[in-house]
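J.: We have chain X; now place chains V, H and S with the ligands onto it with these hints.
Residue numbers (numbering that gives the first Met the number 0), protein chains in the order written: chain X, 0 to 310; chain V, 0 to 202; chain H, 0 to 537; chain S, 0 to 93.
I should point out that these hints are in silico values taken from the structure, not numbers from a laboratory. A quick note: this is a predicted structure, and the numbers were derived from the prediction, not measured. Just to be clear, a hint being listed does not mean it is correct.
[As the list claims (entries may be wrong)] Straight-line C-alpha distance at most 20 Å; calculated EDC-like pairs for lysine to aspartate or glutamate: (1) X/Lys116 x H/Asp346; (2) X/Lys245 x X/Glu274; (3) H/Lys106 x V/Glu53; (4) X/Lys292 x X/Asp261; (5) X/Lys47 x H/Asp346; (6) S/Lys32 x V/Glu53; (7) H/Lys106 x V/Asp10; (8) X/Lys265 x X/Asp201; (9) X/Lys186 x X/Asp201; (10) X/Lys292 x X/Asp270; (11) S/Lys62 x V/Asp12; (12) X/Lys49 x H/Asp532; (13) X/Lys186 x X/Asp108.
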Amino acid sequence: METAFSGASNLAEAVDRAFIFIFSISFIITIAISVLMIYIVIHFSRKKVKNPKQFTGNTKLEIAWTIIPLIIVLMMFYYGKVGFTPMREVPPDAMPITAIGRMWAWSFDYGSGKISKDLVVPLNRNVRMNLLSMDVNHGLFIPAFRVKEDVIPGYKNYLWFRPIVKGEFDVYCTDYCGLAHSGMTAKVIVVDSLDFEKWLVDLKATGNIPDLPGLTVLKGNGCLTCHSLDGSKIIGPSFKGLYGSKRVVITDQGEKTVDAFDDYIKRSILDPNAEVVKGFNKGLMQPYKDVIKGEDLDKIVDYFRKSSEQK
Amino acid sequence: MSTTEHSDYIDSDTGKMGMWLFLFTELFLFGGLFIVYAVMRTKYPEDFHQAALELNAFIGATNTVVLLVSSMTVAMSLTAIQKNKPNIAIGLIFITLILAGVFMMNKYFEWGHKFSLHLYPGSDVMKTLPHGEIMFFGLYFMMTGLHALHVIIGGILLTIVMFKLKSGKINQEHYLLQENGALYWHLVDLIWIFLFPLLYLIT
Amino acid sequence: MNYNSSPTAPLNFLNHKTGLWSWLSSTDHKRIGLLYLYSITIFFCAAAVLGLLMKIEKFAPGETIMTAQTYNGIFTIHGIIMIFIVVIPGLAAVFGNILLPIMIGAKDVAFPKLNLFSWYVYITGACLGLYSQFAKGHVPDAGWTFYVPYSAEVNSNIVIALTAAFVLGFASILTGLNFIVTIHRMRAPGMTWFRMPLFPWSLYATAWIQILATPIIGITLLMVIAERTLQIGFFDPALGGDPVLYQHLFWIYSHPAVYVMILPAMGVVSEIFPTFSQKPIFGYMPIVFSSLAIALVGYFVWGHHMFTSGMSYQARWFFSLLTFLVAIPSAIKVFNWLSTMYGGSVDLKPPLLYAISFIFLFTIGGFTGLTLGSLATNIQTHNTDFVVAHFHYIVFGGMGFGFFAAIHYWYPKIYGRMYNIRWANIAWAILFTGFNVLYFPMFILGLQGMPRRYFDYDPKFQTGQMISSIGAFILIIGLIGMISNLVYHVRRGAIAPANPWHGVTLEWQIPSPPPHENFDEVPVITRDPYVFDNPYTK
Amino acid sequence: MKNHDNHISSYSLNLTVLLILLVLTTTSVLAIKFHFGAFTVAVALIIASVKAAIVLTYFMHLKFENLLLRLMVSGVFLLFAIVVVITFIDYYFR
Ligand code: HEA
Ligand code: HEA
Ligand code: CUA
Ligand SMILES: [Cu+2]
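Pulled out of the complex, with its shape left as it was, chain X reads as follows (with noise of 0.2 Å):
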């Protein structure tokens, strides 16, 4: 179980150490601050106060708050400091996991052909994840573990921890990613090593369905978060009942009707933005031309057909 402060990784020990020094000295100056406001409105009021005293400085006052504040922030600076250096220093024996963000899901490639949409990993084990965008910029942010990075197109950049509690985390996206940014969430869901293991080789529990590989490719690929395969309308037209339907597109030309067999499913894949189902919006999803390759295409277009055929 969670709480709000307890840290889950090795890293939050340093981090929490540097919000308590920063914290007691805000909390003890501000508090200082105000009640000496107070005293002195009250004090030096101007009901008591006739003759108001007319200095206009002191040399040696000025010195002491310039030197003072500047030893407690460089402490704060110090404590910073310390606490994030670890984070950039990753251990050779670190278990690399690839962190996927596009819009608006996460997913988690262990790289043996298991990817899936927790993050699950072992107790104790230090984890590198490397950032990865296909898209636009996202943060990965794992509260609980005090860890976050930016997962900016075009970069590699990385950040590691080692899990300390077991339980159920919360993932974030923290870069504004668009529409449904809020809903870019995963759990990190961290297990014993020995269970970890035994879910790792399982390619079943987690999405892969042999039986149907275009399912999985959808899962992979987060397709899910936008499309329902229920009918319900989320950010772009449902699977359900897709292949072999008449679709109303609105292109550059204008307005068309066109039927929903393997081509426009493809196209509609690589490029979505030619033609766009009538009463949804253009722009809001990528082309997926560098990202599903066509032995995948090829899955996904066959499990639309087949689940249409059940119906």
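T.: Just chains V, H and S with the ligands now, kept in the frame of chain X:
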């Protein structure tokens, strides 16, 4: 505006200071582009090298000379009006304007050539180039384009100066506008002094 | 804008000419200042209502009163209006315009026509901002920071919004330019640099930031426009561009811009504390030089907005260190203000109330700024509600309350009328309470991990969000109370004397409202700005 | 409003300045031909800066302006240089 309205009675030092501050903002405007250039050059040294070979250093050099000479003629026109020789001043400004025209002509042919080679942003040829080269041409068009815009503005300013010289509104006693126009023109020159080596020379 | 009914017999800048056109064509710095005041107030109210709408939406998780698309559009235009249209021009364009020339003993600013021109540029920019909301297509939804690649790709009226920000930047540059030249060239005889009051000093520091930082954002926005319209890929990774470079360029301007907001507010309270304590400012020189130091060092800390962007380790700690250093001049000022009141004859009138709450809110905002500036803690708080709370505390609590302090201080000077003091005190109390109820919970939410720019949230955040939303309603009551008091008494207030607070700077030596030409004869200054040699309290 | 106390720079001075600038331009064109390797950029920029300085001092009359203006101009260039350097603290160490 009636006489009691606060009028623009600007003495020369005040006016000149305003102009200089404005020039500072212009410098930082181009400064942003220079930062982009510097970063991109360190990222793609090879591509920048290749792309810069496409530019014609000869046209660049010609334009440098044209601008330098024009800079001198404006400076001299100021000397002329200070010495109370308005006709010489007008003539010199006129030469400056002609040089500005020559500069723009060169620019026109240079750009036109690039366009005929389909080397413009978003073109089909451009899309096939390596990233750094696309960036180089992007910067090239943005920087020279913005600079050309400044040449045009400077030209308009100097034209106004010329007419005011003719009508005697600018004279030996009052030539603030001419001074400021000249300052602006020198800035155009100053920026080109950096653009020329960065875009045309260093390959 | 017809002040004919004003019974103040002598002609002044408000009534010497009448009719709308006499205002729209006036090159009088005081009238231009008022034009800014009215336009800014209108935009502030509009954007504040948008803020309230966001809070209502967030009262409960899920969709309550608007869709995600609307929410994203609203925080974008809320940010654009508040930053570019309200607080950046804010104090400088309103009170700087009205008071700077008077306080340095000048008849007007150096370039009066340019001054009027900048107002028109400003209005053009502001209208473009509005147009982006109503033009065909989607409202812009990239946040006020316009981060690429999103802003370069999304299909909404981004180009209009970018152009608006560009034009507004131009207005800001022109104002800054005007002020620098005014201060250099127009000071009255005897007004040496160090006899200049502190408000003009703060404007001077501000103006330098305005002219040296704004062009950078100008060119940056132009590059994004070029990217969208001409397909030049400066920032698009698919064309070799660099999204992080955009962030550098954006913050090279936008960090110094936050000091454009706060420095004039610091100048205002530096005027208010001496007057209401009937005592010279404590540490005149340190305050002057800390303003200049903030302006200078503030130019080099922009990277603290990008600590998680994958910057190099060296850059991160360098920017963190400089961020901490720039806090020192602010600390110096706070202590000097406190010492100014200490030993004085303190009169707790509304301007002082606002000035004191300024210190309180600015301190909280500043310390949370330090939390954000420290590397380890920034990683946790970046782009969460903690940042939102930080900047509302420091922008609204700092600059906003500074603005309210200024209007309560100079109101009798500008209009020659007095607002109702008790009414003002009550409004202040509600405003202050509402403010803290609204924004304080956001610190805690942020620490718990609530990200910003979130339309929807995890139900575990609901308590905090609800308290915060309630605060917004308290705040709105206070704000309406304050504004209505001021508006109501413009015509109906009691006639104010020329110097109701017994101030000693030049603006208090001329009638209220000031005459069209400010001074009958050019004043000659023979002493320091804050000499209360004959405190009226004696 | 009068400009009398202004310095008048003679025609010949202007001409000399132009000639120097042209010589520098030629130098930099030739210098690039020699390929200094990594230093080409530096050489080109140094020559350009010298040219810029000359334009500022003579054509733009900074030599004859008051100290304040000269300080401002150098300050502005310095500020810009610092900003570039700081940006490179990021890019250089990546
Ligand atoms: C008026 C505007 C204003 C001002 C003055 C400041 C002032 C400061 N700001 Fe803030 N800031 C913003 C407006 C402002 N900020 C905005 C709008 C954002 C968000 C932008 C966005 O992303 O949308 C932001 C974001 C922001 C961030 C980035 C957060 C993130 O996104 O990760 C950081 C990080 O360092 C920061 C730090 C600071 C610091 C250290 C100061 C310092 O200058 C504060 C100094 C003041 C004090 C320290 C308090 C007073 C001093 C004392 C009481 C004396 C005692 C002091 C000591 C002993 C030290 N600010
Ligand atoms: C000066 C700056 C300023 C001010 C004063 C405010 C004021 C307010 N702001 Fe704003 N805010 C910003 C600057 C400011 N904000 C910026 C820059 C952002 C970042 C945008 C981004 O992320 O891109 C932001 C973001 C922001 C968010 C975060 C959005 C998100 O990240 O999800 C929220 C959420 O609650 C918010 C709320 C409010 C509220 C409730 C107020 C309230 O204080 C407003 C109080 C006022 C009222 C409640 C109404 C008052 C009514 C009247 C005065 C008169 C009535 C008028 C009529 C009858 C017509 N603001
Ligand atoms: Cu992805 Cu926000
Ligand atoms: Cu900042």
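J.: Would you mind marking each hint as holding or not holding in the structure?
T.: Evaluation of the provided hints:
no.	hint	result
1	X/Lys116 x H/Asp346	63 Å, violated
2	X/Lys245 x X/Glu274	13 Å, holds
3	H/Lys106 x V/Glu53	57 Å, violated
4	X/Lys292 x X/Asp261	15 Å, holds
5	X/Lys47 x H/Asp346	10 Å, holds
6	S/Lys32 x V/Glu53	16 Å, holds
7	H/Lys106 x V/Asp10	15 Å, holds
8	X/Lys265 x X/Asp201	30 Å, violated
9	X/Lys186 x X/Asp201	19 Å, holds
10	X/Lys292 x X/Asp270	13 Å, holds
11	S/Lys62 x V/Asp12	15 Å, holds
12	X/Lys49 x H/Asp532	13 Å, holds
13	X/Lys186 x X/Asp108	14 Å, holds
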